[in-house]
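Residue numbers (my numbering), protein chains in the order written: chain X, 1 to 286; chain W, 1 to 296; chain D, 1 to 409.
Since the hints were made in silico from the structure, they are not lab data.
No residue lacks a Cβ here, since even glycine has one placed at the ideal position from N, Cα and C.
Do not take every clue at face value.
To be verified - Heads up, incomplete: computed chain D residues facing chain X, CB under 8 Å, no partners named:
hint : residue
1    : 34
2    : 37
3    : 64
4    : 83
5    : 217
6    : 220
7    : 349
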Amino acid sequence: MSRKYKIPKATQESTASRVFLLWIPLILFLVFLLFPFYWTFVTSIKSDAELHSLTVSYWPAQPTFQAYEHLFGQFNFLHPMKNSLIVALITTIVSLTVSTLAAYSFSRFCFAGRKPLMVLFLTNNMFPNVLLLIPLFTIMRQIKLLYTPWALVLSYTTFTIPFSVWLMNGYLNDIPMALEEAAMIDGANRAKAFIKVILPVLLPCLLATGVYIFMQSWNEYTFAVLFTNEKNRTIPVALKMLVGQLGVQWDLITAGGIITVIPVCIMFFFAQKRLVAGLTAGAVKG
Amino acid sequence: MELKSRRKRFNIYPYLLLAPALIIMLSVVIVPIFNAFNMSFMNYNLTRPNKMGYNNFGNYVKMLNDSDFTGALWRTVVWVVFGVGGQFLFGFMLALILNKYFRGRGVARAVSLIPWVTPGVLIALMWSWMFDGNYGVINDLLMKLHLIDDKIAYLARKDTAMPSVIITIIWQGIPFFALMILAGLQGIPGDLYEAAAIDGATGIQKLFYVTIPSLRNTIFVTTMLRVIWVANSVDVIFNMTNGGPANSTQTLAVYVYKKASSLDMGYASAMAIALMLVLLVAAIPYLKSTFAEKGA
Amino acid sequence: MKKLFAMFLALAMALTMMSFASADDVTINFWYWADNDAYSQTMQEMIADFNATNGKGITVVGQEYPWDGGGYSQNLLTAALGGGAPDVSTFKLTATPSFTNNNLLANLDDLIANWEDKDQINENLYTTMKKASGTDSIYVMPWNTQVLYVYYRPSMFAEAGVSVPTTYEEFLDICAKLTRDTDGDGKTDVYGFGMRGSNGGQEPWGCFLYAGGGDFEHMDSEGAIKGMQDYIDLYKNGYAPETAPNDGFSQVIDNFKSGLTAMTIHHIGSSAQMMELFGDDVDAFIFPQGVGRWTSMGDTETVMFDSCQNKEAAFEWMAYLATGKGQETWCTVTGNVPVAARVQALPQFQENRFMKVSIEGSPVAGILPVLDTTTQWIADWPATIQKALLGETTAEECMKTLQAAMWEE
Numbered sequence: 001m002s003r004k005y006k007i008p009k010a011t012q013e014s015t016a017s018r019v020f021l022l023w024i025p026l027i028l029f030l031v032f033l034l035f036p037f038y039w040t041f042v043t044s045i046k047s048d049a050e051l052h053s054l055t056v057s058y059w060p061a062q063p064t065f066q067a068y069e070h071l072f073g074q075f076n077f078l079h080p081m082k083n084s085l086i087v088a089l090i091t092t093i094v095s096l097t098v099s100t101l102a103a104y105s106f107s108r109f110c111f112a113g114r115k116p117l118m119v120l121f122l123t124n125n126m127f128p129n130v131l132l133l134i135p136l137f138t139i140m141r142q143i144k145l146l147y148t149p150w151a152l153v154l155s156y157t158t159f160t161i162p163f164s165v166w167l168m169n170g171y172l173n174d175i176p177m178a179l180e181e182a183a184m185i186d187g188a189n190r191a192k193a194f195i196k197v198i199l200p201v202l203l204p205c206l207l208a209t210g211v212y213i214f215m216q217s218w219n220e221y222t223f224a225v226l227f228t229n230e231k232n233r234t235i236p237v238a239l240k241m242l243v244g245q246l247g248v249q250w251d252l253i254t255a256g257g258i259i260t261v262i263p264v265c266i267m268f269f270f271a272q273k274r275l276v277a278g279l280t281a282g283a284v285k286g
Numbered sequence: 001m002e003l004k005s006r007r008k009r010f011n012i013y014p015y016l017l018l019a020p021a022l023i024i025m026l027s028v029v030i031v032p033i034f035n036a037f038n039m040s041f042m043n044y045n046l047t048r049p050n051k052m053g054y055n056n057f058g059n060y061v062k063m064l065n066d067s068d069f070t071g072a073l074w075r076t077v078v079w080v081v082f083g084v085g086g087q088f089l090f091g092f093m094l095a096l097i098l099n100k101y102f103r104g105r106g107v108a109r110a111v112s113l114i115p116w117v118t119p120g121v122l123i124a125l126m127w128s129w130m131f132d133g134n135y136g137v138i139n140d141l142l143m144k145l146h147l148i149d150d151k152i153a154y155l156a157r158k159d160t161a162m163p164s165v166i167i168t169i170i171w172q173g174i175p176f177f178a179l180m181i182l183a184g185l186q187g188i189p190g191d192l193y194e195a196a197a198i199d200g201a202t203g204i205q206k207l208f209y210v211t212i213p214s215l216r217n218t219i220f221v222t223t224m225l226r227v228i229w230v231a232n233s234v235d236v237i238f239n240m241t242n243g244g245p246a247n248s249t250q251t252l253a254v255y256v257y258k259k260a261s262s263l264d265m266g267y268a269s270a271m272a273i274a275l276m277l278v279l280l281v282a283a284i285p286y287l288k289s290t291f292a293e294k295g296a
Numbered sequence: 001m002k003k004l005f006a007m008f009l010a011l012a013m014a015l016t017m018m019s020f021a022s023a024d025d026v027t028i029n030f031w032y033w034a035d036n037d038a039y040s041q042t043m044q045e046m047i048a049d050f051n052a053t054n055g056k057g058i059t060v061v062g063q064e065y066p067w068d069g070g071g072y073s074q075n076l077l078t079a080a081l082g083g084g085a086p087d088v089s090t091f092k093l094t095a096t097p098s099f100t101n102n103n104l105l106a107n108l109d110d111l112i113a114n115w116e117d118k119d120q121i122n123e124n125l126y127t128t129m130k131k132a133s134g135t136d137s138i139y140v141m142p143w144n145t146q147v148l149y150v151y152y153r154p155s156m157f158a159e160a161g162v163s164v165p166t167t168y169e170e171f172l173d174i175c176a177k178l179t180r181d182t183d184g185d186g187k188t189d190v191y192g193f194g195m196r197g198s199n200g201g202q203e204p205w206g207c208f209l210y211a212g213g214g215d216f217e218h219m220d221s222e223g224a225i226k227g228m229q230d231y232i233d234l235y236k237n238g239y240a241p242e243t244a245p246n247d248g249f250s251q252v253i254d255n256f257k258s259g260l261t262a263m264t265i266h267h268i269g270s271s272a273q274m275m276e277l278f279g280d281d282v283d284a285f286i287f288p289q290g291v292g293r294w295t296s297m298g299d300t301e302t303v304m305f306d307s308c309q310n311k312e313a314a315f316e317w318m319a320y321l322a323t324g325k326g327q328e329t330w331c332t333v334t335g336n337v338p339v340a341a342r343v344q345a346l347p348q349f350q351e352n353r354f355m356k357v358s359i360e361g362s363p364v365a366g367i368l369p370v371l372d373t374t375t376q377w378i379a380d381w382p383a384t385i386q387k388a389l390l391g392e393t394t395a396e397e398c399m400k401t402l403q404a405a406m407w408e409e
């Protein structure tokens, strides 16, 4: 058994198919995906008068970066960003670890209660948060986690774990069992076979799932507004503060959005670059 | 097969692996979920605590006679089918494109994530701003392209409100599918394609005979999870149209959310359970296929 | 940084207080929302001022929460039911039944009776507070009010050759006259009336209900249906923007600010931004007399929770906001109508033209009936009205639905 997990080499494609199958669709996608982001940015640097003008302008006549200054100055946006980062990172690490174990169990073993347990994991995600709030608040208060990042981590894991377990289970099922069986025949125990053989193949999926968990906890509002106070407010709550009874503070909220998006994209860029490098290295070795 | 033979005797190993996930999850939600089940059988309106009590499935009976409920159920189907369908279709296409080699691929992959990274609070605000009937950039663009003559009040019309919110959720969800499928694509052994190429398969044939079958589980699981997620999502609709105009975008999840917000927890819980049952029924084919795969 | 520093300072102070706690040193936990970040800043300054000057060892620790389109009240209720209520919070009157029915609020009767400033607040306001709780006791402390009136653009009135309406019929008439195609391309460029068909629209809509001849107790009366029909006609005839069914507060204000609408209904809270934009070219009048006359009194109050351990100390802070220095600072910055007579008499309030209109409107200003159905009624209002605006139901059907939702069990 010696399947090589190497990345398919660039095949010889004609220029025409390159243009029609790659560049044109890619550009169309990027325009659709990025235009709202561009629009958010333009909104953040428009003056109030220009924003509410009946003629739409695609670039402000007098761009102003006041909103950014204000956001980092008086509004102290770095504070919720730091809190969001802490919560999202811890949630990601905890959920990813326990879900990978659970998914491996579901994927590689047959045991009594497997199906009901899998369904249990699934149904957990089918229930709207808003109905769980009051008892959850009470629990968090009683176990003294209220107004600490742990209250959020704990409540986020309740919906990221089931989701990740299913995702990872799907990925694992797509990886042939023969892979680790071969390693185990060669004398490795199960844990070793998992680490040496499965984990490298699973890395892109771990990254994808990790990004998913990260985003869910980075963006969650309903729990965050109740389980945090000024000390540990997260980004969505801070942004929501900018929508009051007297309207939306467009400049600040859009600037906040831009600032939120950029670091995550940069993080992902480096993570996946690392990963591709790691994969290629593994492929060469194997 | 060494692995499968293990199922004959009791093995503690799988349970140990499951334990941490199960304990973390259940320790937190079991009481709240039980509580919600209980409320669904009660008159449980927080504005009238003195009138609380079990009501003989009264909430469920009320649900069957509530035309807003049946309407919301139907709209949930439309919302999920088009929302998730669009996300999947475009996400898959994007994943295939981003799996090719080209200059700047790393950057393209990173920026494609933007919609998903954008805080939910902002997504609905931004899109309603772009769809705005008076200042919206979408009207402006379409008028410049001479596709429409008059401004359209997208979110204030019954025929355009639903498509508008669906476009928004598609936009938000494309990166999810792209990311997940891309991860799966990287796990497909290269020699499968080489073998197909030797057999003289065209690009399309490779897609249908190699790529899709290899990703079967990934596709099943991601769509199922996404269906559940989208069916339960409220923030886009709630913040763009508040379920309006005239309930034309009120899905079941939005209805539940609104009922819970106006503190009628009993009825909201009953509807949430109905939604859960509908989702479970919809998930049966997926579950069957997942379980069949394992031969268990 | 300033905010962070202030917080640390507050925290440090709180800790010091705890370690040297004498019988008098107490901490009051206070929740509030702010409508923009300038207001948030003001509130923090007021808290700091109170902590520095109260002289009784009381430390207020403020926690800001998002308004979230009214989600504030639900979050407060969730926390209170979960046993984690603050000591004092800002409040909206319509939320009262859900809190008093769950016995969450502290009865303020004795505290107010022994309060030296109690006469600073008009007896009517106390009565309104009592009515809201459905008892003879006061659970909600007045803080500031806003009377809804009609904003208009004098320059547009001049162009269309109309003047401020004195009757409801005139008002409807000028809505039509103000709707104009200014550049001759066959499309409407200015709409007479900025209609709010989405969340919160019940307040301006109430003006039409009463002008037509109805009231909240009889929303299915002939007069009420006429008021509704007028409302529908304004939309159907194109005197309001087509977006009206989905227009909430910010859209209505944006449309007025951009010059898309010539009139819209709101309160003094938005007057500062209007004056900044238009200078003298914006003014206001109270919704005119029809068969009846009513306008909505917006309100913000404070409440004390029953779980509060130091009710006297908490009341000091509420008093500071209601009649003390806090009243003056807050109303000056936000432009809201003060509830304390002493503050109302200050020149900056006497000379403001929007404040004058607000005070002029006070006699006809009222609130929605505060019942245990009110929360649900407000939540259902947009969908019910939108159905009528979009022709799915008639004015009569619409009003019958609204009447039943409010008054029928």
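Hints and how they fare:
Interface restraint check for residue 34 (chain D): the shortest CB-CB distance to chain X comes to about 6 Å, inside 8 Å, so the restraint holds. Hint status for residue 37 (chain D): holds, given a least beta-carbon distance of 6 Å to chain X, under 8 Å. Hint status for residue 64 (chain D): holds, given a least beta-carbon distance of 7 Å to chain X, under 8 Å. Interface restraint check for residue 83 (chain D): the shortest CB-CB distance to chain X comes to about 6 Å, inside 8 Å, so the restraint holds.
Proximity of residue 217 (chain D) to chain X is violated relative to the hint, the smallest CB-CB distance being about 27 Å (cut-off 8 Å). The interface hint given for residue 220 (chain D) is broken, as the beta carbon of that residue sits about 31 Å from the closest beta carbon of chain X, more than 8 Å. Below 8 Å, beta-carbon pairs count as interface contacts, and residue 349 (chain D) has none with chain X, the closest being about 19 Å; its hint is therefore violated.
Violated hints, listed in ascending order, are 5, 6, 7; each of the other numbered hints is respected by the structure.
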